[in-house]
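Q: For the sequence shown, my numbering gives the first residue as 3, with consecutive numbering after it.
It is possible that some hints are incorrect.
Label pairs and their computed distance ranges (CB to CB) [stated by the list, open to error]:
id: 1; residue 1: Glu344; residue 2: Gln91; range: 37 to 43 angstroms
id: 2; residue 1: Gln42; residue 2: Ala278; range: 42 to 48 angstroms
id: 3; residue 1: Ser311; residue 2: Gln91; range: 21 to 27 angstroms
id: 4; residue 1: Asn208; residue 2: Gln42; range: 46 to 52 angstroms
id: 5; residue 1: Gly288; residue 2: Gly139; range: 50 to 56 angstroms
id: 6; residue 1: Asn236; residue 2: Ser371; range: 27 to 33 angstroms
id: 7; residue 1: Lys279; residue 2: Glu343; range: 40 to 46 angstroms
id: 8; residue 1: Ala287; residue 2: Ser311; range: 42 to 48 angstroms
id: 9; residue 1: Pro361; residue 2: Glu84; range: 38 to 44 angstroms
id: 10; residue 1: Lys279; residue 2: Glu84; range: 46 to 52 angstroms
id: 11; residue 1: Asp61; residue 2: Phe123; range: 33 to 39 angstroms
id: 12; residue 1: Lys351; residue 2: Glu143; range: 26 to 32 angstroms
Straight-line distance between alpha carbons at most 20 angstroms, and here's what the computed DMTMM-like set of lysine to aspartate or glutamate pairs gives [as the list claims (entries may be wrong)]:
id: 13; residue 1: Lys315; residue 2: Asp336
id: 14; residue 1: Lys339; residue 2: Glu282
id: 15; residue 1: Lys262; residue 2: Asp209
id: 16; residue 1: Lys315; residue 2: Glu338
id: 17; residue 1: Lys315; residue 2: Asp209
id: 18; residue 1: Lys317; residue 2: Glu338
id: 19; residue 1: Lys219; residue 2: Asp209
id: 20; residue 1: Lys241; residue 2: Glu344
id: 21; residue 1: Lys317; residue 2: Glu344
id: 22; residue 1: Lys219; residue 2: Asp203
id: 23; residue 1: Lys315; residue 2: Glu290
id: 24; residue 1: Lys241; residue 2: Glu383
id: 25; residue 1: Lys241; residue 2: Asp209
id: 26; residue 1: Lys262; residue 2: Glu338
id: 27; residue 1: Lys241; residue 2: Asp170
id: 28; residue 1: Lys241; residue 2: Glu290
id: 29; residue 1: Lys351; residue 2: Glu338
id: 30; residue 1: Lys351; residue 2: Glu44
id: 31; residue 1: Lys317; residue 2: Glu290
id: 32; residue 1: Lys317; residue 2: Glu282
id: 33; residue 1: Lys315; residue 2: Glu344
id: 34; residue 1: Lys241; residue 2: Asp48
id: 35; residue 1: Lys351; residue 2: Asp48
id: 36; residue 1: Lys241; residue 2: Glu334
Keep in mind the hints are simulated off the structure, nothing from the lab. Note that beta-carbon positions come from the ideal geometry of N, C-alpha and C, so glycine has one too.
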Amino acid sequence: MMSTRTILLAILSAAVPSVQGASSAFAATQTFSSASGPIQVETIVDGLQYPWALAFLPDGRMLVTERPGRLRIVTADGKTSEPVAGLPQVFARGQGGLLDVAVDRAFSQNRTIYFCFAEPFQSGGRTALARARLAEGPYIEEMRIVFRQDGPVSSGNHFGCRIVQMPDNTLFLTMGDHFTTRNEAQNLSNHLGKIVRIAPDGAVPNDNPFLGRRGVKPEIWSYGHRNAQGAAINPVSGKLWMHEHGPRGGDEINIPQAGKNYGWPVIGFGIDYNGAKIHEGTQKAGMEQPIRQWTPVIAPSGMAFYTGSLFPKWKNNLFIGGLASQALVRLELDGEKVTKEERLLQEMKERIRDVRAGPDGALWLLTDSPDGQLLRLTPGE
């Protein structure tokens with residue numbers, strides 16, 4: 003009897019030519035230990051230049067972004083397309099470039115995708131969100147930028163840029179504070195250090211918390227964030243969860259609620275990179291506490307709740323990529339409390355940029371490197 007993986011690979015092996023610089027066909031397989039038993043890691047593609055995000059199409063193929071400004075289509079057996087044509091110019095400096103990508107919930111009918119990127123503006127860059135129709139070729143058409151971040155521009159840091167589409171089709175987009183302008187995270191007249199919520203066409207939903215308030219950007223959902231590079235829907239509660247980078251200490255997981263202030267830079271758990279004090283303290287009236295903080299930092303990027311069947315012991319666990327920690331961080335939850343943490347794959351010594359739960363029940367990872375990899379994580383023998 004054919005395995006699920008064999009059937010999936012047979013379906014997806016056609017129609018996407020491989021390209022120079024990307025090797026495929028499960029070139030390497032490694033086995034590592036975990037508290038739940040051995041886990042196997044297969045290298046599906048390597049040679050990706052700073053890959054940042056992946057998203058699954060309904061047929062199981064993946065969209066993969068590379069920070070310099072390329073979007074590729076990859077099959078489950080590693081066949082990798084030429085860069086998708088028609089993307090806009092990106093501000094590929096420092097942490098900037100082409101960042102997250104998401105597939106519309108009705109993609110099978112409308113072929114709509116969303117991607118966020120650092121858009122060149124004035125002397126720097128700002129976070130922008132575009133929607134487009136993905137055509138075979140591959141190329142995009144009918145592209146439209148539906149949101150542009152307002153506020154002081156970035157010279158190359160803290161763009162945020164994770165996209166989540168909710169069941170009501172509204173879009174959440176995370177916004178960084180641009181590093182040198184951290185106090186703007188408390189300023190409601192711009193989008194820095196905020197989570198924004200918009201309709202798929204860029205309109206402001208009529209139940210946004212600051213709609214109609216004079217001098218306040220109506221797209222804002224929550225504020226007081228530093229640099230959020232992970233966001234996902236909790237499958238049990240249906241709520242949006244996100245994490246954000248701290249400086250030296252104070253990475254956080256938050257559950258952003260409408261109109262709430264999450265404190266940056268007034269409160270927090272870290273210090274500045276030069277050792278200087280940043281915060282007034284760790285708590286203050288009117289400012290929310292994280293449900294988890296890390297000091298020292300893990301440098302989180304990417305976030306996924308696991309709902310597949312390959313790892314039954316990991317059902318509804320939260321997975322976070324670790325950059326500085328070079329780990330895949332697994333968190334067990336009891337409601338909105340973290341009860342246990344396990345750091346996986348540390349022996350690989352790879353910066354984990356993104357993690358997604360695939361339709362095949364596997365966990366899929368991207369490594370942050372000029373020779374980045376797409377990895378597939380399954381139970382070991």
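Q: Next, verify each hint and record whether it holds.
A: Hints and how they fare:
| no. | hint | in the structure |
| --- | --- | --- |
| 1 | Glu344 / Gln91: 37 to 43 angstroms | holds, 41 angstroms |
| 2 | Gln42 / Ala278: 42 to 48 angstroms | holds, 45 angstroms |
| 3 | Ser311 / Gln91: 21 to 27 angstroms | violated, 42 angstroms |
| 4 | Asn208 / Gln42: 46 to 52 angstroms | holds, 48 angstroms |
| 5 | Gly288 / Gly139: 50 to 56 angstroms | holds, 51 angstroms |
| 6 | Asn236 / Ser371: 27 to 33 angstroms | holds, 30 angstroms |
| 7 | Lys279 / Glu343: 40 to 46 angstroms | violated, 28 angstroms |
| 8 | Ala287 / Ser311: 42 to 48 angstroms | holds, 45 angstroms |
| 9 | Pro361 / Glu84: 38 to 44 angstroms | violated, 24 angstroms |
| 10 | Lys279 / Glu84: 46 to 52 angstroms | holds, 50 angstroms |
| 11 | Asp61 / Phe123: 33 to 39 angstroms | holds, 36 angstroms |
| 12 | Lys351 / Glu143: 26 to 32 angstroms | violated, 41 angstroms |
| 13 | Lys315 / Asp336 | holds, 14 angstroms |
| 14 | Lys339 / Glu282 | violated, 26 angstroms |
| 15 | Lys262 / Asp209 | holds, 14 angstroms |
| 16 | Lys315 / Glu338 | holds, 19 angstroms |
| 17 | Lys315 / Asp209 | violated, 38 angstroms |
| 18 | Lys317 / Glu338 | holds, 15 angstroms |
| 19 | Lys219 / Asp209 | holds, 14 angstroms |
| 20 | Lys241 / Glu344 | violated, 23 angstroms |
| 21 | Lys317 / Glu344 | holds, 15 angstroms |
| 22 | Lys219 / Asp203 | holds, 17 angstroms |
| 23 | Lys315 / Glu290 | violated, 31 angstroms |
| 24 | Lys241 / Glu383 | violated, 35 angstroms |
| 25 | Lys241 / Asp209 | holds, 16 angstroms |
| 26 | Lys262 / Glu338 | holds, 17 angstroms |
| 27 | Lys241 / Asp170 | holds, 12 angstroms |
| 28 | Lys241 / Glu290 | holds, 16 angstroms |
| 29 | Lys351 / Glu338 | violated, 30 angstroms |
| 30 | Lys351 / Glu44 | holds, 15 angstroms |
| 31 | Lys317 / Glu290 | violated, 28 angstroms |
| 32 | Lys317 / Glu282 | violated, 39 angstroms |
| 33 | Lys315 / Glu344 | holds, 13 angstroms |
| 34 | Lys241 / Asp48 | violated, 34 angstroms |
| 35 | Lys351 / Asp48 | holds, 15 angstroms |
| 36 | Lys241 / Glu334 | holds, 17 angstroms |
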